[in-house]
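Letter by letter, the chains look like this.
2 protein chains.
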Amino acid sequence: MSVRALASALPMLDWARHYQRDTLVSDLVAALIVTIMLIPQSLAYATLAGLPPEVGLYASIAPLLLYAVFGTSRVLAVGPVAVVSLMTATAIGEHASSGSAHYAAVAITLAFLSGAMLMVMGLLRLGFLASFLSHPVISGFITASAVLIAVGQLKVVLGLSAAGQMHFITSAIGLTMVAFLFWARRGLKPLLLSWGLPARLADVLAKAGPVAGIAVSAVLTWHFEWHLAGVKIVGTVPAGLPPLSGPLWDMALLKELAMPALLISVVGFVESVSVGQTLAAKRRQRIEPDRELVALGACNVGAAMTGGFPVTGGFARSVVNFDAGAQTPAAGAFTAVGILLAALFLTPALYFVPQATLSATIVVAVLSLVDLRILKTTWAYSRSDFSAVVVTLLVTLAAGVEAGLVAGVALSLMLYVFKTSRPHIAEVGRVPGTEHFRNVLRHQVEVSERLASLRVDGSLYFANARVLEDRVNALVAERPQLEHLVLQCSAINDIDASALESLEAINLRLAEAGVHLHLSEVKGPVMDRLQGTDFLKHLNGQVYLSHFKAVSELAPELGAQS
Amino acid sequence: MSVRALASALPMLDWARHYQRDTLVSDLVAALIVTIMLIPQSLAYATLAGLPPEVGLYASIAPLLLYAVFGTSRVLAVGPVAVVSLMTATAIGEHASSGSAHYAAVAITLAFLSGAMLMVMGLLRLGFLASFLSHPVISGFITASAVLIAVGQLKVVLGLSAAGQMHFITSAIGLTMVAFLFWARRGLKPLLLSWGLPARLADVLAKAGPVAGIAVSAVLTWHFEWHLAGVKIVGTVPAGLPPLSGPLWDMALLKELAMPALLISVVGFVESVSVGQTLAAKRRQRIEPDRELVALGACNVGAAMTGGFPVTGGFARSVVNFDAGAQTPAAGAFTAVGILLAALFLTPALYFVPQATLSATIVVAVLSLVDLRILKTTWAYSRSDFSAVVVTLLVTLAAGVEAGLVAGVALSLMLYVFKTSRPHIAEVGRVPGTEHFRNVLRHQVEVSERLASLRVDGSLYFANARVLEDRVNALVAERPQLEHLVLQCSAINDIDASALESLEAINLRLAEAGVHLHLSEVKGPVMDRLQGTDFLKHLNGQVYLSHFKAVSELAPELGAQS
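Protein chains in written order, with the working numbering: chain A, 1 to 562; chain E, 1 to 562.
Certain hints may be false.
Copies of the same chain look alike in the list, so a pair counts if it works inside one copy or between any two.
Mimicking DSS-like on lysine-lysine, the simulated pairs with C-alpha atoms at most 25 Å apart in a straight line are [what the hints assert, rightly or not]:
id	residue 1	residue 2
1	376	537
2	282	232
3	232	376
4	419	523
5	189	232
6	523	549
7	155	523
8	255	419
9	537	282
10	549	255
11	155	419
Think of the hints as simulated: they come from the structure by calculation, not from any bench.
Predicted model only: the values in this text are computed from it and were never measured.
Take the sequences, apply the hints, and build the full model.
This is how it looks when you write it as structure tokens:
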């Protein structure tokens, strides 16, 4: 295997060979900032997934290292993210009760299954399948998931009891934390700058805001002994290296997890690839979707082997990594080391952290995912996109994440097929003095009684072949003097066997009615295919290179005026 | 309601007002020929559907009369047909045992349900839904159904016992009848002409061939008492008017029959409409699919109210009606009278008719439906159409008519979406000395390092939006000197919200990479929609009317050479 082939198989070799000192400094600074940001996020998303907080740390180590080796994005940060954690909780909830050892084992199995699927999809180059999740479906899905997450976490933030009673101190801590986090996003950095801190330091400290907030809440809880007053705390978090683990080889379980694992894989991949592409393009770099599948697959298998749960490339952390100046995936590897140190030495400090503060970080994080503008923009742009958003949103809220995704994809495909089954067909006439032809209903154009021109705005296939037949039948029935019909084919990108059959039928009927059928501006690939059939032999007319040429030959009274 | 509005609601009033003496003669002659042909067919298809033979006659009376009132085709003949009879037998077989009174009641219920569905579909103008049955799917389905029918009837033709033993006399009668019918199709008319008969009479007598064959077999059976030697005969057929009947109002049954009834409706409608359209076009007439739905619905409800079973417009009988010179639907009404007379007076004559001869007429009729050339033509034309034929054919043969249809439709839709999810995107360059732009890989064209032109051969929607993004990303990554990218949009008939999002992303990334994005030849409807968005404001470039204009402005070194 040549160095080049190896480099192509392992993207890491590409950047590692040219690794230099100033790149190292940039990567180390970015890693520090991302590590500070990731610690509370990892803990919070693990609890969102129904797992002990330390699992969130475990799921951030191996995946970050593996992505540094296999990933094609230079700045993507992989780990637990909100929506995938919710999907994980939903998927496992049917098989185990939260907090049990079996629950954690099912989470590991789910990560393994999802990783294996991603790798297989990558090796089979199936990355394009993710495109079937349309933008409206993703938007509706993410917004609904964020609402579901926020509502669920709000109970913890308010310390609601099963009977619906709020716990006063808990809700005070939780709501204060929510308010602080919302303010810290925008207000903390300007405040630090106004205190005269250097920009770079202000930036790092602003990113550390959430960690500081959590630390303060933990110190206050310890000092005032709020945990004795009923404030739920994180409690003992085992310190140490991530454990070695593996999936449960239970065929019945694997079978039932297959569908959730597939949906988690696709959603994770879509989220990860869109972040990766956006950031890569800013530096004129590229990511390769099929190899991203393999990389994310490796990350999830890695998570499964180190006591984690399903992970993917996260939006917020990758943007922070990018903004902090990360140059290569080494930044991700350094972040992994940071999290590993946290897992080894920081866990005792987590004992007094109120659960409400972790939930507050989740609420604030997911509310930024809620995008209601999409309802307005799609309503203005296209009703079918709008209905895809609404259906995905409502079905996700009412029936859960899996039903919502499936309903959204099915509806968008049906709407697409439905739309293309009724293509726009315009009768066109000549714009006086030009070689252009336009819709007779919209423009002042020249037409002839003996010749009709139809332009079909869409490929011809089984679901719309009859539409053209009906239109031609109607035209011929209402024009007794018609001698020539010319189909302008400039927008026909494909003609399938049903449509060809339909064209044969149209040709035959026109011939029986004494009308010639001509084609103009047929595309190369379509023409190639027609030439393999008898259609052109049967055609009771000509194929013209341009529509103007067809009309000037067949109806010179139109062609001559110019 | 004006006369015109009424005529539009009842197509009958259109032709009945101008009905004249010579039209009457033409219609009467056609009705005679079709009646002679329909009597054995009706009996045979009723037994194919698992019903007593007289039900076939009942199902040919009211539907023909109702079609004459509501139908928009002037020559379509409605009644029992082979494929729908097979689907009927399959659907009822799960609910009742053949020959029982309950079986007949379920058949009536199925006809009623199918009729009601057709009428509702017609009133909602859902006729276009039938287009989702692609030509390859219909071909594969009809061929497989014909094989299933022929194999089933061959048992009766050969007099096979349950143990697989052939009955000698039965098989002699059956096979002789099959041979005679095959010969009579082509050989009978020339023979009669060679005997000096006038052409018109020879035509009528040739059509009467099958009836004559059945009569001869009945006379021989009576004379030689073959029924005592084990030849199964039709036996007592009750004479009289069709009985008044109605559906079973059993909700559980109606629910279970809903899917079969829907499939029967769609298949029947597709068969009927294609025959009707073909024949109407030969006389420069038209049929209206949505009103055909209502007419066929009325026919099936009529069949349900007169002891019948599901019916539709038949191919062979309609062509015979057309060829025999039928001018108006009155011919169908006269045929109904003919069949009614047969039901009243002819049934005693059916006693000695061997069942094998009826099955022989079915075998010969359905074998003409087998179309294996479609395998060859679709293989040559398009692999996806070929696979639709093969899958429909095999699933129908292996798992039955309903599974076959559903599998075929689902596969064709998936293949279509898959195809459009990977549109052809060509980089184009200028053909020297012209204003034309062609694929750089296929033609000797002029290109510039600073400007790239991409032509997308397909509408942009969610499933393919990413393909364009990937292509643009790759192009920009490999061309450091690129300044302008022009998308030639002549074949883009639609841009959905996901694709718009994708274009926004492409525009943003190109801008960040210092490349201008331009569009050329954007279609009117697409431009209208884009103008309602912010995309054109954000666009880091221009929209040009023609691609040539764009290139000559942006890369004058290309535009100048001519």
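Hints versus structure:
When the C-alpha separation of residue 376 and residue 537 is checked against a cutoff of 25 Å, the pair qualifies only between copies, where the shortest distance is 18 Å, while the shortest distance within a copy is 52 Å. With identical chains, the CA atoms of residue 282 and residue 232 are never at most 25 Å apart, being 44 Å at best within one copy and 83 Å at best between copies. Taking the shortest Cα distances, residue 232 and residue 376 never come within 25 Å of each other, neither inside one copy (41 Å) nor across copies (72 Å). Taking the shortest alpha-carbon separations for residue 419 and residue 523, both the intra-copy value of 22 Å and the inter-copy value of 17 Å come in at or below 25 Å.
Proximity of residue 189 and residue 232 under a CA criterion of 25 Å is satisfied in neither setting, with 31 Å inside one chain copy and 97 Å between copies. Proximity of residue 523 and residue 549 under a CA criterion of 25 Å is satisfied in both settings, with 16 Å inside one chain copy and 21 Å between copies. Within a single copy, residue 155 and residue 523 get their C-alpha atoms no closer than 61 Å, and across copies no closer than 52 Å, so neither meets the 25 Å cut-off. When the C-alpha separation of residue 255 and residue 419 is checked against a cutoff of 25 Å, the pair qualifies neither within a copy, at 36 Å, nor between copies, at 30 Å.
Taking the closest pair of Cα atoms, residue 537 and residue 282 come within 25 Å of each other only across two copies (20 Å); inside a single copy the shortest separation is 54 Å, beyond that limit. For the identical chains of this complex, residue 549 and residue 255 are neighbours neither inside a copy (62 Å) nor across copies (58 Å), given an alpha-carbon limit of 25 Å. For a Cα distance limit of 25 Å, the shortest separation of residue 155 from residue 419 qualifies neither inside one copy, at 44 Å, nor across copies, at 47 Å.
Of the numbered hints stated above, those contradicted by the structure are hints 2, 3, 5, 7, 8, 10, 11, listed in ascending order.
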